[in-house]
Every structure is written in structure tokens, then in C-alpha cells.
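Go ahead and model the full structure; you've got the sequences and the hints to work with.
Protein chains: 2
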Amino acid sequence: VVSYPQSVLKLIRELSRLPSIGEKSAARLAYFLVNTDKKQALDLAAAINGAVTSIKFCENCYFFAEDKLCTVCSNSSRDMELLCVVEKPMDVIAIERMSEFNGLYHVLHGLWAPLKGRGPESMKINELLKRIDNGVKEVILATSSTVEGDATALYIAKLLAGKGIKSTRPAQGMPKGAELEYADDLTLSRAFSARNIINL
Amino acid sequence: VVSYPQSVLKLIRELSRLPSIGEKSAARLAYFLVNTDKKQALDLAAAINGAVTSIKFCENCYFFAEDKLCTVCSNSSRDMELLCVVEKPMDVIAIERMSEFNGLYHVLHGLWAPLKGRGPESMKINELLKRIDNGVKEVILATSSTVEGDATALYIAKLLAGKGIKSTRPAQGMPKGAELEYADDLTLSRAFSARNIINL
Chain W
1 VVSYPQSVLK LIRELSRLPS IGEKSAARLA YFLVNTDKKQ ALDLAAAING
51 AVTSIKFCEN CYFFAEDKLC TVCSNSSRDM ELLCVVEKPM DVIAIERMSE
101 FNGLYHVLHG LWAPLKGRGP ESMKINELLK RIDNGVKEVI LATSSTVEGD
151 ATALYIAKLL AGKGIKSTRP AQGMPKGAEL EYADDLTLSR AFSARNIINL
Chain Y
1 VVSYPQSVLK LIRELSRLPS IGEKSAARLA YFLVNTDKKQ ALDLAAAING
51 AVTSIKFCEN CYFFAEDKLC TVCSNSSRDM ELLCVVEKPM DVIAIERMSE
101 FNGLYHVLHG LWAPLKGRGP ESMKINELLK RIDNGVKEVI LATSSTVEGD
151 ATALYIAKLL AGKGIKSTRP AQGMPKGAEL EYADDLTLSR AFSARNIINL
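So the protein sequences, as listed, match chains W and Y.
In this text, residue positions in the first sequence follow the numbering used here: the first is 1, and each later residue adds one.
In this text, residue positions in the second sequence follow the numbering used here: the first is 1, and each later residue adds one.
Simulated from the structure, these hints should not be mistaken for lab results.
Identical copies carry no separate label here, and so any pair may be met within one copy or between two of them.
The calculated DSS-like cross-link candidates involving lysine-lysine, where the alpha carbons are at most 27 Å apart (straight line), are:
#1 Lys116 <-> Lys24
#2 Lys24 <-> Lys39
#3 Lys39 <-> Lys116
#4 Lys56 <-> Lys38
#5 Lys56 <-> Lys68
This is the structure in C-alpha cells:
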């Protein structure tokens, strides 16, 4: 039985180790890479090398950084009394896009997921506890509105309460533009229990 | 507004040029690459470089090759009178997995798709016509059972008929294990019109 040449097999194997890329997608990507223009494929390889060798994580908040500190932590105009805790660097970008938050961040790089064998030690929690002694007054726990995100937020809130720090969590409810008919039970239940008085 | 560092932006841009990878998936992949172990990311970059520089396409059939000829074309025990035409190298692997075909292949590297602006010149058809003078007796047109695959097969069959070569096409019908209730109209219609007498 004929198979792919060694170098293609190797590329397929490496591509299929990426998240959410199965063996069939990996074969398609490998074909795309060796079939389309060579320059594009070599540019991708160079971009991987470039990012892996030049990217560090900020020593303070663990967001992407090219120096010791990221561009947020090295910006002296940010509000150092307000800290927003998120799961991953992409969440920082989403919050920055909103242009309404001027505090600092803390990237956990994971969530507490006992069922997946990930305990608190898999997150940057000790690093968070060390930071908050620097005059932080409020910590916004902006992990996802999932079971794991909720559990992580609750876990951290308890640790912070022990240190006398106020924890908050972004409001949960109906997303803007959503039709009530199609809302899932949990979203609707949370939106009802957190209902607000209409001020006339 | 804070964004990703330059090297991460560049990696996201290159990843999102891959087929079926949007900007969000590209950001997730980039995070995975710079966050998991460095070695894996560098291995991927090396595998891309290795495949792109070492892989050629067979001068005879245009399947992947590391030499001038692929492992199929350089195997003298294959039946040179039978030629199977496919769209892409992955199709060769699928047919080889069946272990029932012992002829040679011809990889078109594309299908005739006028709506997408791809004409016959985008496929290795002239190369096919040159090959069949070498004693080929039957050409199996095994392009996909799609509109584009059917059109390509018909187009090539007409060209081959002009040269007195017999063209065949794999049977179309119900896939094994499929429930009739869920079959799409076209599959069902083809299965009915190509129905076979039950020999008792």
C-alpha cells in the first residue's frame, strides 16, 4: 500500500497535534502548504519560529510580551487599583476592543477543571495573590460564563476575601439582541434572578 | 487600545491564510503554539520547511514524490494499462487503502469549476492526454460525486473518446450503511435510476 512520502507524513503528524485539527484536516493543510506557493509556506514557518523565539509572557500579568513587561503593565496611565482576571490572552484583546476598561490584567492561562485533571496549580493564582498587595482595590473576575469559569471565579474570590480584597464578576443575563424564545435555560434563569427595577 | 505584539500578529496573519482557518481560530492556534512547549512549535516549523523543500510532484502522475517519479509510478508490478484519474493526492491514499486497485494514477490538482473561475487549464489534463498513448486501455475517472467532479469527468471522457480510449466512472448509489430516510434527493435519484436486478 502506497502512503505519503516521509516528509509529508511528518508534516501531517505535526499539524494534527494542533488543537481541533484532525488527521484529515491535517492532510488537507499539508497538501495546501506544499501545493500553493512555496513562499507562503516558508513565511508561515518563519512566523512560527519568530513568535516562539521572541514572545515571552509579561512577568507581571502573563499577557504576551516582547520585553519583560507587556504594553499594558508598562503604561503608567493605567489604573493600578483595578485588576481584571481572565483565562487567556485573547480575552485581554476582547476587553481592550471595548475601550472602557483602564485597569491592569492578570492572565490565568487556564481554568480550574477537576474533571479534566486541571487543578488550581495549573493557573497563575499564586502570582495573582502576590500582585494584589500592591494597592489593588477591586478584582474583576472575568472568566467565561461556563461551569469552569464560574468555579474558577468563586475559588479566586474566596482566596481574595481572605485578604480583604473586593471581587466582582461581570453581569450575567440576556445578551444584547437575543430573542427570549431561543435563550437557554441557564441564561434565562440567571437573567431572571438578577432582574433590575425599571427606574421611571 | 492594546493589541498583540508584532510577532504574534504576524503569526496570526499567516495562520489565517490557511484554508478554513478564520481569524479567531488563527489567534487560538497562535496562542497554542507560543504557549505549549517550544519544541513542538519549532518541530512544526521544521516540518513545514522540510516538506516544502523536499517534496516534488511526480513527473508522470503528479502525486507527491521525493524523486522524479513517485512510489507508484516507479513500481514495475503495477498494471500500466489501467489509469485512475483523481482530483488530489489524498484521493490516491484513499484508493490505496482499499487495496484493490493495482493500476497507475493521474492527479489533476483541481476540478473544472467555471463558477469559481477555474477552467480546464487549471488541471493536469494535457499531461494526462500525453500519457495515455503509452498503452492505456481504460481510464477510471474517480473525481468526486459532486457537480464539479461530474463535469470534470464528462469533460475528460469526451477528450478520451476522441482518442478511442474507454472511460469509466465509479458507481453512484446509496453508501453502505445509509438509511434511506436520510438520503439526499440526488443520491436517491441516482441509486434508483442505476438500480440492479436481484439475481436469485
